[in-house]
Each structure stands twice: as structure tokens, then as C-alpha cells.
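The chain contents come next:
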Amino acid sequence: MFINISFAPVETAFREFVSHYGFIFDAIKGVLLQVFLVPLEDALRGAPPWLILLGVGLIAYHATRHWLPPLFYVLCLYLVGCFGLWDKLMSTTALMLVSTAICVVFGIPIGILISRSNWLRAIALPILDVMQTMPSFVYLIPMIFLWGVGQVSAIFAIVVYAIPPLIRLTDLGIRQVDREVVEAATSFGTTPWQLLLNVQLPLARPSIMAGINQTVMMALAMVVLATLIGARGLGETVNQGIANLEIGTGLQGGVAIVLLAIVIDRITQAYGMDARQRRQRLLKGGSFANFQRTTGEKA
Amino acid sequence: MNKIEVRQVYKVFGAQEKAGLALALQGLGKDKVLYQTSCTLALQDVTLSIPAGQVFVIMGLSGSGKSTLIRLFNGLIRPSAGEILLDGQDVARLDARGLRELRRHKVSMVFQGFGLLPHKTTLENAAFALLTRGEPKDKALEAGRLWLDRVGLKGYEAKYPDELSGGMRQRVGLARALAADPEVLLMDEAFSALDPLIRTDMQDQLLQLQKDLHKTIIFVTHDLDEALRIGNQIAILYHGRLVQVGSPQEILTRPANDYVRRFVEKRAGQPQAAPAEGPASG
Numbered sequence: 001m002f003i004n005i006s007f008a009p010v011e012t013a014f015r016e017f018v019s020h021y022g023f024i025f026d027a028i029k030g031v032l033l034q035v036f037l038v039p040l041e042d043a044l045r046g047a048p049p050w051l052i053l054l055g056v057g058l059i060a061y062h063a064t065r066h067w068l069p070p071l072f073y074v075l076c077l078y079l080v081g082c083f084g085l086w087d088k089l090m091s092t093t094a095l096m097l098v099s100t101a102i103c104v105v106f107g108i109p110i111g112i113l114i115s116r117s118n119w120l121r122a123i124a125l126p127i128l129d130v131m132q133t134m135p136s137f138v139y140l141i142p143m144i145f146l147w148g149v150g151q152v153s154a155i156f157a158i159v160v161y162a163i164p165p166l167i168r169l170t171d172l173g174i175r176q177v178d179r180e181v182v183e184a185a186t187s188f189g190t191t192p193w194q195l196l197l198n199v200q201l202p203l204a205r206p207s208i209m210a211g212i213n214q215t216v217m218m219a220l221a222m223v224v225l226a227t228l229i230g231a232r233g234l235g236e237t238v239n240q241g242i243a244n245l246e247i248g249t250g251l252q253g254g255v256a257i258v259l260l261a262i263v264i265d266r267i268t269q270a271y272g273m274d275a276r277q278r279r280q281r282l283l284k285g286g287s288f289a290n291f292q293r294t295t296g297e298k299a
Numbered sequence: 001m002n003k004i005e006v007r008q009v010y011k012v013f014g015a016q017e018k019a020g021l022a023l024a025l026q027g028l029g030k031d032k033v034l035y036q037t038s039c040t041l042a043l044q045d046v047t048l049s050i051p052a053g054q055v056f057v058i059m060g061l062s063g064s065g066k067s068t069l070i071r072l073f074n075g076l077i078r079p080s081a082g083e084i085l086l087d088g089q090d091v092a093r094l095d096a097r098g099l100r101e102l103r104r105h106k107v108s109m110v111f112q113g114f115g116l117l118p119h120k121t122t123l124e125n126a127a128f129a130l131l132t133r134g135e136p137k138d139k140a141l142e143a144g145r146l147w148l149d150r151v152g153l154k155g156y157e158a159k160y161p162d163e164l165s166g167g168m169r170q171r172v173g174l175a176r177a178l179a180a181d182p183e184v185l186l187m188d189e190a191f192s193a194l195d196p197l198i199r200t201d202m203q204d205q206l207l208q209l210q211k212d213l214h215k216t217i218i219f220v221t222h223d224l225d226e227a228l229r230i231g232n233q234i235a236i237l238y239h240g241r242l243v244q245v246g247s248p249q250e251i252l253t254r255p256a257n258d259y260v261r262r263f264v265e266k267r268a269g270q271p272q273a274a275p276a277e278g279p280a281s282g
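If you read the protein sequences in the order shown, they are chains A and B.
At position 247 of the first sequence the residue is numbered 247 (UniProt numbering), and the sequence of numbers has no breaks.
At position 199 of the second sequence the residue is numbered 199 (UniProt numbering), and the sequence of numbers has no breaks.
These are calculated hints, taken from the structure and not from any lab test.
We put the CB at the ideal spot given by N, CA and C, even for glycine.
Label-pair ranges, simulated between beta-carbon atoms: (1) B/262 with A/125: 42 to 52 Å; (2) B/47 with A/116: 31 to 41 Å; (3) A/21 with B/25: 54 to 64 Å; (4) A/30 with B/105: 51 to 61 Å; (5) A/42 with B/134: 37 to 47 Å; (6) B/208 with A/179: 29 to 39 Å; (7) B/18 with A/34: 52 to 62 Å; (8) B/105 with A/148: 54 to 64 Å; (9) B/38 with A/179: 17 to 27 Å; (10) B/34 with A/16: 51 to 61 Å; (11) A/179 with B/53: 26 to 36 Å.
Excised from the complex, chain A in its bound form (with noise of 0.2 Å):
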């Protein structure tokens, strides 16, 4: 009844590829290891953890302008450094740092691309779907091929997992600038680049900055399925729970994950306010006093 359809070529023909074209995945991986993974995760592992909170809780004061919630952030990272699971703490976010910097370098200017065509739009949309829809174990697979069994191959399943959601908001978010600000800007002899640069991404920033968190929890999510195919850190707690039926050691690594997660929404939550919003929680009552003039004015 059926006729028979096997994907059983493509992975002739990957192997091919591979076999041809190998040096250029050799020689990615020996950028991203060499420059950016390994120094991030030795800076990481090897500073003080006292220093690393203290960086957190300034960056999450940045973020917020308060000092309540950067606080609760350190303590958080603190409890998971009571577990015993501060350096795999530190592997997992330089992973994560570096997957999340490499979805925002292509991701905001695919996003925006597809933000320009409608064509562009209607092809890359499905793919997204496809990105997103798949299991994450399939596109393991060829990730071992081109890179082995390690971190590179990890940091590249989870961009794949992760970037999605940003070039999704990227593209949204500029679509839904204000046409008549758009305009008006056009109007006044803006090129291309001054109306992205000036208009459009500053406007868009909210969604983008919405897109950034996404990618950053998607990411986190793949960081135990990550562990498969060989990176290190928390998920390797979880998945040394998984295989011995330790339901503490489990708990603990998800717990962690869970923080470091809270913590990392939070902060790229509060950048995701204007400038503006930020300084006006600042000042205390600020937008509360502008809305009484604006309404003074009218009335």
C-alpha cells in the first residue's frame, strides 16, 4: 500500500558533505572553542564567587534601579553555590552566554531582513516552524557529525532550539513601528540605515528585547538535553540523577537550572524598558507627575 520513502540517502549524502567540507566545521570549532567558549569559561570558573554575585547584583541594579530584587538575584545564585554546583553553574552560563551571543548576532539581522520583504517573510516563517516543532533529538544527530561529541556541537543545537523566538520577535516588532512615525521620519530624507538605526530598532526594542529573553529561556531548557551530546555543566547533574535514580542529585541540578533561570529572566526582563521607564522608576513618583501635567494641560 505504502510506497517506500527512506531518508537513508540524506545521511549518504551528509557524510559526503562532510567528508568534502570538514575543514570549515573544524575550523569554526576551533574559533568558538579557542576565542570564545573556553576563555569565557575559564574566566568564569576561576573568578571568585563572591566577585561573579557582586557582578550580578550590579548588573541586575542596572537593569532594575532597585536594590531589592538584584538582592533576591544573588541569593539565588548563592543557594545554588550551596548545593555544590557553583562551577557547573559557571560552564552552564558560559554556554549559555556564548549560544545566546551567537543567536543575537544572526538572529537580529535575519530578523530584520525579513522584516524588509514579505517574501523573504513567507519562506522563512515555515522554517522557523520546522526550527521550533522538531524534536530536539534529531538535529543532535548531525551536530555529532560536523562536530563531534562536545560543547561546540551542544552550542550549536541549542542556537538552532533558541533562535527562533528572537528572529520572530525581531521581525514583529519593527513591522508594528507606528507607520506614520515611519513616514514622517522618510519624510524628512532618512536613508535606509538612519531609519533602521534611529526609528525603527529603537522602537522595536521592547519585542526585541522580549525575542532576547526568549532565546536566553530556550536555551536554558536545552541545556539538559544539551549534556547528550556533550556539554558540560548542570544538566550533567541532572541527567548523573536520571541514570543512577538519585531523586536528590535530579532535584538539585533542576532546582539550579530554575534559579539561574529566574535570575537571567528578570535581568533581561528590566533591559527590556525603555531607557526612559528605567529612569523614570528612578525618580521616584516620576510618572505619576508627568500624567497629572499632561492631563492639567487638557483639561
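Mind docking chain B on chain A? Use the hints.
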């Protein structure tokens, strides 16, 4: 000498622009073009001469093509056929670079919904045109400050648009357009979104500024009172066609057809300056 000449301009919106244009050139009206090609005929055979240094009002109800017409002058919309000569240069034939130069130096625009950048301060908005064309930042901001002062917004330089009332926002829009020192100022229903009283204030202010500036101002409105008040000449559009061009006096005393007559009579019936389309109450 005329600043702007519009010659036999047609504009068709839609997928079958050429087919629609062919029908429009044969003289078929808006309805027939829409029925046969599902294209919208926005402008049909419009020919106009706009003298320098005057306020030229383009009037019509929604859908009459007036917003399309005003966008031809700075190339935001390209005509399907015809010429728009600004100082003898055809705007319709300019490439992207030429259009940019035109918009940066010669023609500025004020929008109905203000079109201010919400993430920039009032001052940065006022200086936007100058910053865009690459003038030094301190000079651009200085000019912006000057123009904000001139439209009566001294002291509001550091405010953001959402902290201002509608009338104040449009003053920023006006300052932004004037700061570029254009020869031609396009105003697309610039005061239509404002309360009636504020609107009258803005009209007065525009006329006051015009006394010194002598810009060529093209002002689009749906409000005959506004047109009569500020226009040296008024052109009336109906379904994309030019119905009448004349001084306010001519429009009032010799309406060209029933459409114009209805406008005028409606106004005569309500002498307390009620506009044809009620403004949003605020």
C-alpha cells in the same frame, strides 16, 4: 511664478495598476475602475498651479484623494502618470537619492497624527530634520531650540512627546518641519486631530509665522472653515478629480457644482463655525 505645477496626474492603487490607469485615461470614473480592476483610482487628471509664497489649501472629504495628492509633492507616493514640477524639476522622476535631497532641503511635512519620535525629546524631535541631513549636533539642537521657542514651547525641550498635549505635540511637528528651512511646507490635516479652540489657535499661529516666512504652504483639510480661514487659494477634490480651484471668495460666491455648493451652504446654515465633519471632542 508658480512654485509647483501638477500636470495631468493620475494615481491608481492596486495590483493591476496599469489596467486601472488605462481605464482612467479613457475617462472612466472611480466606481467603474474599481469594478473592472478592483483598483482604487485615487487621483484622475489633476492639473494644478501652485504659486510661491502662498497658503494653498487642498480640500475634500475622506477618500477624495487629497492625502494622496499631498504625498506626491515629496515623493512619498509616486504618481501612476503625470508630472509634478517643483521649480521645474519633476519630482515623479527623481531616484532615491534625489528624493532624499529634496526632502532634506526643500520640502518638509507636518502630519495629522504628528508622527513624532516617541523615544526622543521634544528638542531632538525638533532638530530631527537637521540631524538627519548631517548637520553638526550642537548647531542642529540650537536651531531646534530656536524653533521650539518660536512656536511657543520654550521650557519643554527636555520633555518627551507623550508628556505633551495634542496641540503642543503638533507645535513640535511644526517646529520640526520649519527647522529644516524648507521652501515648501506640506501639512496633511495637520490640525484636524485637535480640539476646535486649539485648532483655531494653531491656525492663527501658522498665519502669524507665514507673515514672516513666506513659505509655499500646501495645506490639506476636510474643513471648509479652516480652508477659508487660512487659504489664499483653495482647490476642491471630489472622488480624485479636481472640482474647483479659486480664492475663498470665488468658492463662496461661485461654487462650481452641487458638491461645492453643499459645502458652502452647510457652512452658511451654521454660522458658528461648525465644520463639515465634526472634530473629535476632547
